[in-house]
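S.K.: Residue numbers (this note's numbering), protein chains in the order written: chain A, -5 to 399; chain B, -5 to 399.
If you're looking for bench data, these hints aren't it; they were derived computationally from the structure.
Treat the hints loosely; a few may be bogus.
Same chains, same names: a pair is fine if it fits in one copy or spans any two.
Claimed, not checked - Heads up, simulated DSSO-like pairs for lysine-lysine below, C-alpha to C-alpha not over 27 Å straight-line:
id, residue 1, residue 2
1, K244, K161
2, K161, K81
3, K54, K161
4, K350, K249
There are 2 protein chains.
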Amino acid sequence: MEGEPTLRLRIFDLNCWAIRYLSKRRQERVRLIGDTLRQESFDLVLLQEVWSEQDYSDLKVKLSRCYPFSHYFRSGVIGSGLCVFSKFPILDTLLYQYSLNGYPYMLQHGDWFCGKSVGVTGMGVTAPLLSLSLQLHAEYCRDKDAYLPHRLVQAWELAQFIRHTSKAADVVLLGGDLNMHPEDVGIRLLRGWTGLRDAFAEATHFEGCKNGCTLVPGNCFTDKSELLPFPLGIRIDYILYKAISSYTVKCEELKTTTGPAPGMNIPFSDHEAVMATLHIQRQGQPACATLGTADLALADVVTEARTEVGVGLRAAQRQRYSSGRMAVLPLLLLLLQAVAALATLAGLGTEQPFPKLSFCLLAFLALGVLVLATGLHLFHTMEVKMLHGTEDQMWMALRALQERP
Amino acid sequence: MEGEPTLRLRIFDLNCWAIRYLSKRRQERVRLIGDTLRQESFDLVLLQEVWSEQDYSDLKVKLSRCYPFSHYFRSGVIGSGLCVFSKFPILDTLLYQYSLNGYPYMLQHGDWFCGKSVGVTGMGVTAPLLSLSLQLHAEYCRDKDAYLPHRLVQAWELAQFIRHTSKAADVVLLGGDLNMHPEDVGIRLLRGWTGLRDAFAEATHFEGCKNGCTLVPGNCFTDKSELLPFPLGIRIDYILYKAISSYTVKCEELKTTTGPAPGMNIPFSDHEAVMATLHIQRQGQPACATLGTADLALADVVTEARTEVGVGLRAAQRQRYSSGRMAVLPLLLLLLQAVAALATLAGLGTEQPFPKLSFCLLAFLALGVLVLATGLHLFHTMEVKMLHGTEDQMWMALRALQERP
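Here chain A stands alone, though its shape is the one from the complex (with noise of 0.2 Å):
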């Protein structure tokens, strides 16, 4: 079957970072990326961070007639931010949440507000293909980072969703913003219990920043004191693919964006664009799955992995045990308040006047933070089992690794 012909699939990928008035420049930006993908007509489109919905609304009429299917993904109290626009038709579609996402009460890193997801569009091409665009949590804080077991529960949790929801699909497409560097265990997780692979380190031609980074100190838009570390940039967004049955997937080309948008004074975000061409061709006999060929490695990083984990795990429990003694003070104090109402109206110690207005505020205070505790509480509860219930699933797949033959 050398003889069929090939499909040249163009994908174009970016965090937008248009947040309503807070990022630089949106409008604009945005009128930006509509045009150039107007012009520049690729197959598909998976963007990330269009957390307007009239901004997505003002792509769609733009792009009507380039790409005809489009779909929104909508989560969370903010939004999911993801958005996907197609040459084929989209005839499915799926939104996964993960578990954890942060903490609500770390409003500076918004996380937690967005709902991050994975938005699944299943695509009737020559192949059924399924695109997956996706964001997962941010890291803020490269030493200290005390999100990355949530980033891993993530990980774990998206590259578990693509073992199951991909088999049906003869390519698998994934593209966005990983918020991490290629060598983080996450991405060493992902990539190897799933098999996807990198349209960067494939690439036959590559075109763009150096090392293929995507948040570099050349774009205006970056925060320069974050890259110190890394004079050259980091490469956290990606393009990711495999294929399952009869197929093979190639990488062409892969280019990212340097800076400016060709003709003009600004670049498109403060993230750089990915583009991946890739040839998928039918061949006669199944590609051999890319598991299975090095699970001694894959121990490896699922152990790492779940050491992570265990780590943030015991973490979580320490501050659900925090926030439950944080519980009992205020709870004493309310208390001791009753007590002391209950004999002042049965009439004992009316020699002093009794302190209204400090005994009330006092039980206000005590009731703020009784509330404050029990939420801290609950969500630390939820978020202990959510990285117990991941742990064992790692343990359950490291056993799966270790028994087979």
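Given chain A's structure and the hints, the job is docking chain B onto it.
M.R.: For chain B alone, kept in the frame of chain A given last:
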């Protein structure tokens, strides 16, 4: 390939109603369930509402010889309550949490805290087998069922999830408490959209409560007043199945328990257990998919479900609006108080004493209402997003159904 051996699979499904401190005679019943499972020796046991991990651990110890493989799914604050015991190796597990699951402030209907989800276990029997254990949102009042849209979103997400995950398996089994009557739109949606077949309707031989009911007035633990309109009881626990590739599945026998366990004076739970014997056989050619045979009827069901989700969406939008409005009053009050406090500090109105106590009380009250209203607003915003997303997905499904040749 008519001569291929038949696999006889015996499945046990039960909503155990094992809530610590709340369920009557819980420990006794869990012991009884364990003993029966050990004696009867099923192939696959799907349990719901095992809320206490200790109960699961006890069952695990007791059943370790007959059912060497088991898994407990953790989620939410309390847990998912789902667990699986199996004679066959559990190769893989995945937990999918529904995006909507009741309201956190409806404490008496604790659904929100359970993190209701579907637990998927991939098992290697003769054929790759995917078993799902699950529970959907409870129905508290059939006439004024405020949770119908949430249950429909869950049914839809479940159906979409099954469609996406099941393709790699040869046989899909689903057992659980769907909290829906057989003719309800959610069940019709789930069955129509996935092609799952109802073991009760397909069984060659049936034995048990009339009409296959699983919540019957004869059970000493059921709430008789709830079942007044249904003198025979209701059927809300199901075993559903389908064969995907070149396999056929037939339901040889379906049984339900009928009140007290044999030789005992109490039943296993307030629900009756459902037990099915399935025959799984490989056949030469792929079994025809059940989907596509009745597209028109299916389109009707999806339309009906979409209408209900739309009703829920409008209700959620109203609630979002009123919680937003509710926040305005305390905000204005706080503003007014701030002005009054500043005026007093500036020395205005010193001719009369400043009412410190009522001032503080009012401020705390306003603050409390503000926090509550904001929380409600955020929650209903999420609800609107998810309902809207589901409505979109259903619309896409309808379009795909109508465009089919």
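S.K.: Are the hints correct? Go through all of them and say.
M.R.: Structure-based check of each hint:
| no. | hint | result |
| --- | --- | --- |
| 1 | K244 <-> K161 | both (19 Å within a copy, 25 Å between copies) |
| 2 | K161 <-> K81 | both (23 Å within a copy, 25 Å between copies) |
| 3 | K54 <-> K161 | neither (30 Å within a copy, 32 Å between copies) |
| 4 | K350 <-> K249 | neither (70 Å within a copy, 67 Å between copies) |
Hints 3 and 4 from the earlier list are contradicted by this structure; the remaining hints agree with it.
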